[in-house]
Amino acid sequence: GESVGLHLPTLSVQEGDNSIINCAYSNSASDYFIWYKQESGKGPQFIIDIRSNMDKRQGQRVTVLLNKTVKHLSLQIAATQPGDSAVYFCAENGGGTSYGKLTFGQGTILTVHP
Amino acid sequence: DVKVTQSSRYLVKRTGEKVFLECVQDMDHENMFWYRQDPGLGLRLIYFSYDVKMKEKGDIPEGYSVSREKKERFSLILESASTNQTSMYLCASSFRAGQYFGPGTRLTVT
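Residue numbers (the numbering used here), protein chains in the order written: chain A, 1 to 114; chain B, 1 to 110.
Bound conformation, chain A alone:
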């Protein structure tokens, strides 16, 4: 079956650096993608989403890039702060699947050192 995966399971950065978290997806029919942040002991928090008719979307300190040619999604966090330390995972909708079902990646652990 098709799945969403991550290139790197862990990422360590210094405070103030920019972070890039990557995600590869294999379902070419997917047309909607989301990045989530999950802090220890908490539920996943919706960060930013992007539709397949876009290749870039910006939020507050975050940017999501979508490369449909190579089926790659990335999350860029500018000026990373210790509060950004969490597990980040991507999700995709599989292209028109009903009822808002998503397929989730396993996650990347981001650690920000002061």
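Take the hints with a grain of salt, since some may be wrong.
Calculated pairs, EDC-like style, for lysine to aspartate or glutamate (alpha carbon to alpha carbon, straight line, at most 16 angstroms) [stated by the list, open to error]:
| no. | chain 1 | residue 1 | chain 2 | residue 2 |
| --- | --- | --- | --- | --- |
| 1 | A | Lys42 | B | Asp38 |
| 2 | A | Lys71 | A | Glu39 |
| 3 | A | Lys101 | B | Glu30 |
| 4 | A | Lys101 | B | Glu22 |
| 5 | A | Lys101 | B | Glu17 |
| 6 | B | Lys18 | B | Glu79 |
| 7 | B | Lys71 | B | Asp28 |
| 8 | A | Lys42 | A | Asp84 |
| 9 | B | Lys55 | B | Glu69 |
| 10 | B | Lys53 | B | Glu30 |
| 11 | A | Lys68 | A | Asp55 |
| 12 | A | Lys101 | B | Glu79 |
Keep in mind that the hints were calculated from the coordinates and are not lab data. Since this is a predicted model, take the numbers as computed values, not measurements.
Fit chain B to the known structure of chain A by using the hints.
Same frame as chain A, now just chain B:
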């Protein structure tokens, strides 16, 4: 802001007990989901519901049932709790697109 609440943050139950986990959302979302999250296994879908009184099995429905009597509330039921159901349980709701999660319930079955 979307708000999804779960009835308990932490729960300890004994093997064989019937367990109810409650989830409430305040955004009039059509779709609601129950997941469990375990280290190394990620998020796994147990059940979802796309309307009141409607339910569909997810990837791991065995040992669980659900109830959706009102649009805002989706309950997960463990008919007879077992130790292998010790996990973090997450509820989510959505309207067509992105899912919004609750804070989770850490269930321990002893």
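So, going through the hints one by one against the coordinates:
For the suggested pair Lys42 (chain A) and Asp38 (chain B), the alpha carbons sit about 13 angstroms apart, so the restraint of at most 16 angstroms is met. A distance of roughly 27 angstroms separates the Cα atoms of Lys71 (chain A) and Glu39 (chain A); the hinted pair therefore is violated under the 16 angstroms criterion. Restraint check for Lys101 (chain A) and Glu30 (chain B): the C-alpha separation of about 12 angstroms stays at or below 16 angstroms, so the hint holds. Annotation: proposed proximity of Lys101 (chain A) to Glu22 (chain B) is violated, straight-line Cα distance about 20 angstroms (limit 16 angstroms).
This hinted pair does not check out: Lys101 (chain A) and Glu17 (chain B) have alpha carbons roughly 30 angstroms apart, beyond 16 angstroms. For the hint pairing Lys18 (chain B) with Glu79 (chain B), the CA-to-CA distance comes to about 5 angstroms; that is within 16 angstroms, so the pair holds. The straight-line distance between the Cα atoms of Lys71 (chain B) and Asp28 (chain B) is roughly 7 angstroms, inside the 16 angstroms bound, and the hint therefore holds. A distance of roughly 14 angstroms separates the Cα atoms of Lys42 (chain A) and Asp84 (chain A); the hinted pair therefore holds under the 16 angstroms criterion.
Taking the CA atoms of Lys55 (chain B) and Glu69 (chain B), the gap is about 11 angstroms. The hint holds against a cut of 16 angstroms. As the CA atoms of Lys53 (chain B) and Glu30 (chain B) are separated by approximately 11 angstroms, the hinted pair is consistent with the 16 angstroms bound. Distance hint between Lys68 (chain A) and Asp55 (chain A) is fulfilled; the C-alpha atoms sit about 8 angstroms from each other, no more than 16 angstroms. With a C-alpha separation of about 25 angstroms, the suggested pair Lys101 (chain A) and Glu79 (chain B) falls outside the 16 angstroms cut-off, and the hint is violated.
When each numbered hint is compared with the structure, violations occur for hints 2, 4, 5, 12.
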